[in-house]
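Q: Chains as they are written, first to last, in numbering that gives the first Met the number 0: chain A, 0 to 429; chain B, 0 to 136; chain C, 0 to 375.
Read the hints as simulated data drawn from the structure, not as lab findings.
Glycine included, each C-beta is placed from N, C-alpha and C at the ideal position.
Possibly wrong hints are sitting among the right ones.
To be verified - Covered stretches of chain B, going by a simulated chain A footprint (3 or more residues, C-beta under 8 angstroms): (1) 56-66; (2) 82-92.
Claimed, not checked - Here are the simulated BS3-like cross-link-like pairs (lysine-lysine), alpha carbons at most 27 angstroms apart as the crow flies: (3) C/K303 with C/K336; (4) C/K315 with B/K96; (5) B/K49 with C/K284; (6) B/K7 with B/K44; (7) C/K173 with B/K49; (8) B/K67 with C/K305; (9) B/K67 with C/K336; (10) C/K315 with B/K44; (11) C/K284 with C/K329; (12) C/K344 with B/K49; (13) B/K44 with C/K173; (14) B/K49 with C/K147; (15) C/K247 with B/K53; (16) A/K136 with A/K116; (17) C/K315 with C/K300; (18) A/K213 with C/K344; (19) A/K321 with B/K7; (20) C/K314 with A/K213; (21) C/K305 with B/K44; (22) C/K151 with B/K67; (23) C/K344 with C/K305; (24) A/K393 with B/K7; (25) C/K344 with B/K96; (26) C/K303 with B/K67; (27) A/K116 with B/K67; (28) C/K303 with C/K190; (29) C/K173 with C/K315; (30) A/K220 with B/K44; (31) B/K95 with C/K369; (32) C/K329 with B/K44; (33) C/K247 with B/K44.
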Amino acid sequence: MSNYTMKRLRLDRVASQLLAAPTSPAARLSRPSRISRSIPQTCRHSSLYNTQPCQRRHQSTAAPQAPREEELVLEPEDGEPIPETLRSGPLPSPHPSRAASSAKLAALHARLSLSSKIPVETLARALVDPSADAHPKYNNANLAYVGSTVLHYHASETLIARYPRLPMAILFTAMKGYAGNPALHQVARAWGVESAAAPGEEVDPGLLQFDPMKPTVVMNKWGYVRAETIESQKFKSGKGLSGRVMYSSNPFGESSAAKALPNFEVDDGRNTKTMLLQNAPANAHANFVRAVIGAVHMHCGRDAAKSFVKSHFLSRTFDLSKLFEFDLPTRELARLCARENFEAPVARLESETGRLSRTPVFVVGIYSGRDKLGEAPGPDLDSARVAASINALKAWYLYSPGQVSVPSDTFAEDAAPWKPAYVDIGEIIS
Amino acid sequence: MTIRALEKISVGQNGIGSFILQCKRLDIHYCDHSGSSRGMNAFIKTHLSKFAQKNPAIEFAVSPRPRKHPVMIGHYINGRQKSICVANMEPSQILKKAELLRDASGDKVKRVNKPVTSINESVRGIWSPYHGNGMAV
Amino acid sequence: MRRISRLGKPSGARLAPAARPLAPLGTPRASTRPSPTPAAVKINTLRFYSSRQPEPLPASLTSGGKSAAPEEIVEEVEVQQFDHDQSQQQRLFVPPPRPSVAERADTITDTLYTPATTAEGLESIGGLGSWWDDPAHWPETSDFVGFKPKQKVQEPVLLEAAVRRALTETLLMKQLGQEEQLTGPWGLQGKAQHDAVLALDVRVDSDGNATVTGDLHAVADGLVVKDGESNVDSADVLPSTAEALAWKSQADQSWKGTSLQDARLKFAVIKRVMQLTGQVIPDQKLADIATARGLLATLQKPPKPKTLSQEIVAKKQDLVTLPNVAFSPKRVTRGDKDQALGRYKLIEAEFRKRDLQDGPLSVPKSREKKHWNGEA
């Protein structure tokens, strides 16, 4: 367990531009804009679905103020002229000013019971995937990174404190079951998020926007692809559990599943490498969910984010005992008893019926001295013994001290000092 | 490495931890001129603003549909729709129908025989003939 | 076959197409006669009525059936032709050229002439060609100008000024003894006349009878229309809103008590108000109007909203401002839904790829509309 450490995070650095509302137009203008945005000449709109006229957007979604005329002129910082080809054409995603008029967005905001501190503009930004809008100030990449770290932190501390003896492989999978892409995809769908057919300026801002054919951003543990990961991918090393702990690029013990494409630079190159994904819809939905967590964290604070994570993710039903698959349960149980100075385990037949019939049943119990470690029925003596030792092992691994406190409980002002939680030394045979 | 992990996904149960209203959108269609829409037009004028204010989690899309009967269509998170024709109804009747659509889960209407359905294991466990003292026959 | 609708609406002085019998074919007479019809009416006067003499019926209709000789009919037709020498600006519309007709085969004396048996290779002569499509033949001046202005005046202050003006004018006409003028046409003078009328003092007694004092004759002279005279001075017969507000702030309001029980008086006032503002008072409301105040209230009542969405936008702002309510004043079409989903541009691109139309919504609503407007 000692290998699994959380990286210390400076979340304020990642998403500070979200909260810092630009004070003066000049401050906004001074930001470099690599991709220029301009108004298309014509804008067809229906009143129900598209009530705002097209406008050039201003620089940050943080300010729900109406854009003023002088802000609408964007010039790059270094005075270098923007090519005409970049100037023309519609915006890649809806203008932030349209967020306030989208009924879909307002309904989603209310459905998630989000605090009024979170503006709808931020929620609208959370719905824009990097594949729809490559500009890091208008897509959800940064918010999603904040959200993923918050989510992984709370999921891992809860799992470790509540199940201190989980083997590493199970812990990885449990993390994925709570916070992985498939789970978050399901959460997003349960939230009633609809996706647009294709991203664009005219699309309702209440729809999730992504383009499966364009490169996007994959959330990973470090925020960037480490040199060791590339190395290990090259030489196909690091596939063992220790390697997964060391070199995995996400908290689920996986190395980056997608192949990095060198020429697709979406973001600043600061967080992530750009990738083409197998399951783009799931990734986009998951990133939206992470971005919502990030928005809650940034706008409402740590405690609100924690309770949001608890109520929406950690409260989901997840039977950890269904995750185990043993190779040699009897040997592992013997090693466990040796390690813990128990008496060697003994299998005893407790009860049986129909030994000579077509469907016999044997109930076998595993004993260590006078203590019964486990018991299971089986159709023959050997499988009953194996099942009983699996039960004994699961009872060991899934030991839970109950509702224990987690480290984040001590973040509160008047919290009691942290009492170290019991965490087991590790797996029996690894 | 004697333990391998099987991949599973956690299962969400609405109402545990958080509750998400299943009706996500309510389309309200009316006609300006037809007599069958008279009650619907009155409903939009008198009841709708209050109803929409009380249910902020539902997106209300009000639009005319000329020369058609008034209709309310509920869109649900499971992807299904429920539509109710409210021709010639009184505003109060239409409000009842709107509440019905709001409270529906979107599933097909099914007969519920068991008082409780659960994905959790029974707390008491299943009775086993191999344990205990047995019963003298 | 030309559509009849292209002939334009019949107006007062325009010749009704039905009243002009078609020149029978086969009468290749091109003699012209001086027209006995009076000089063409000035166009502006048409806003009231036609001062032309009633046209004589064709001789074929007045005389007995026996005298309907072809020659007489031709003369009638020529009499009713417009005089082509009249100045261009007074013309209502340009009539199509006379049809030219080929000689009949049996009247040709040339012995070398052989009648054709098929139409192939023959030169086509005559016909109107694209005469109807030439916009020069449909001048602006030929448009019908009605008694009632096209734009209704809706502003309460302007309506009040107009009612006051109409009432004063009617009262002074009555006071001057020109009763027959109450049902006649009055001139439309500009702001000077308006100010002059409003400067007159209206005194109302307890019975609602009103008397006007001031220089009545000067105002009355401007009102009466003499035959063949233009009666429109300027385009704006009413003052601007600001001027009307300034007038209202210092005007005496007692004139509103004037009784309108006298049917001739009421008719004259309402006719004048209609001429000034374009507001028509329906018959069922006429009986309820007893005073000038009642008339003003009827006029100033805002029009009923035509649709529910208009009413909601005007009155129920709370519904429109709710963030989770999307209110559409028009029907939400499939194209609108596609656009909100971002699917529309994909469909359009696919259409373009196949070299079809620009998109599913780009078809004009009614191609017929173009034909109605006389476009090709």
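Q: Run every hint past the structure and note whether it holds.
A: Hint by hint, here is what the structure shows:
1. 56-66: That given contact holds, which follows from 6 residues of the region 56-66 of chain B lying within Cβ reach (below 8 angstroms) of chain A.
2. 82-92: violated (count 0)
3. C/K303 with C/K336: Violated, at roughly 31 angstroms.
4. C/K315 with B/K96: Holds, at roughly 22 angstroms.
5. B/K49 with C/K284: violated (38 angstroms)
6. B/K7 with B/K44: violated (50 angstroms)
7. C/K173 with B/K49: Status violated; Cα separation ~59 angstroms.
8. B/K67 with C/K305: holds (18 angstroms)
9. B/K67 with C/K336: This hinted pair holds, its Cα atoms lying about 19 angstroms apart.
10. C/K315 with B/K44: Status holds; Cα separation ~7 angstroms.
11. C/K284 with C/K329: Not OK: C/K284 and C/K329 at ~32 angstroms, beyond 27 angstroms, violated.
12. C/K344 with B/K49: Between C/K344 and B/K49 the Cα gap is close to 37 angstroms, so the pair fails against 27 angstroms, i.e. violated.
13. B/K44 with C/K173: violated (50 angstroms)
14. B/K49 with C/K147: violated (46 angstroms)
15. C/K247 with B/K53: violated (47 angstroms)
16. A/K136 with A/K116: Within the cut-off at roughly 20 angstroms; holds.
17. C/K315 with C/K300: holds (19 angstroms)
18. A/K213 with C/K344: holds (17 angstroms)
19. A/K321 with B/K7: holds (8 angstroms)
20. C/K314 with A/K213: Measuring from Cα to Cα gives roughly 47 angstroms; hence the hint is violated.
21. C/K305 with B/K44: holds (15 angstroms)
22. C/K151 with B/K67: violated (33 angstroms)
23. C/K344 with C/K305: violated (34 angstroms)
24. A/K393 with B/K7: holds (17 angstroms)
25. C/K344 with B/K96: Judged against 27 angstroms, a Cα distance of about 37 angstroms means the pair is violated.
26. C/K303 with B/K67: holds (23 angstroms)
27. A/K116 with B/K67: violated (42 angstroms)
28. C/K303 with C/K190: Violated. C/K303 to C/K190 sits at ~31 angstroms, over the 27 angstroms cutoff.
29. C/K173 with C/K315: violated (48 angstroms)
30. A/K220 with B/K44: violated (53 angstroms)
31. B/K95 with C/K369: violated (48 angstroms)
32. C/K329 with B/K44: Between C/K329 and B/K44 the Cα gap is close to 17 angstroms, so the pair holds against 27 angstroms.
33. C/K247 with B/K44: Violated. C/K247 to B/K44 sits at ~37 angstroms, over the 27 angstroms cutoff.
Hints 2, 3, 5, 6, 7, 11, 12, 13, 14, 15, 20, 22, 23, 25, 27, 28, 29, 30, 31 and 33 from the list above are not met by this structure, while the remaining hints are.
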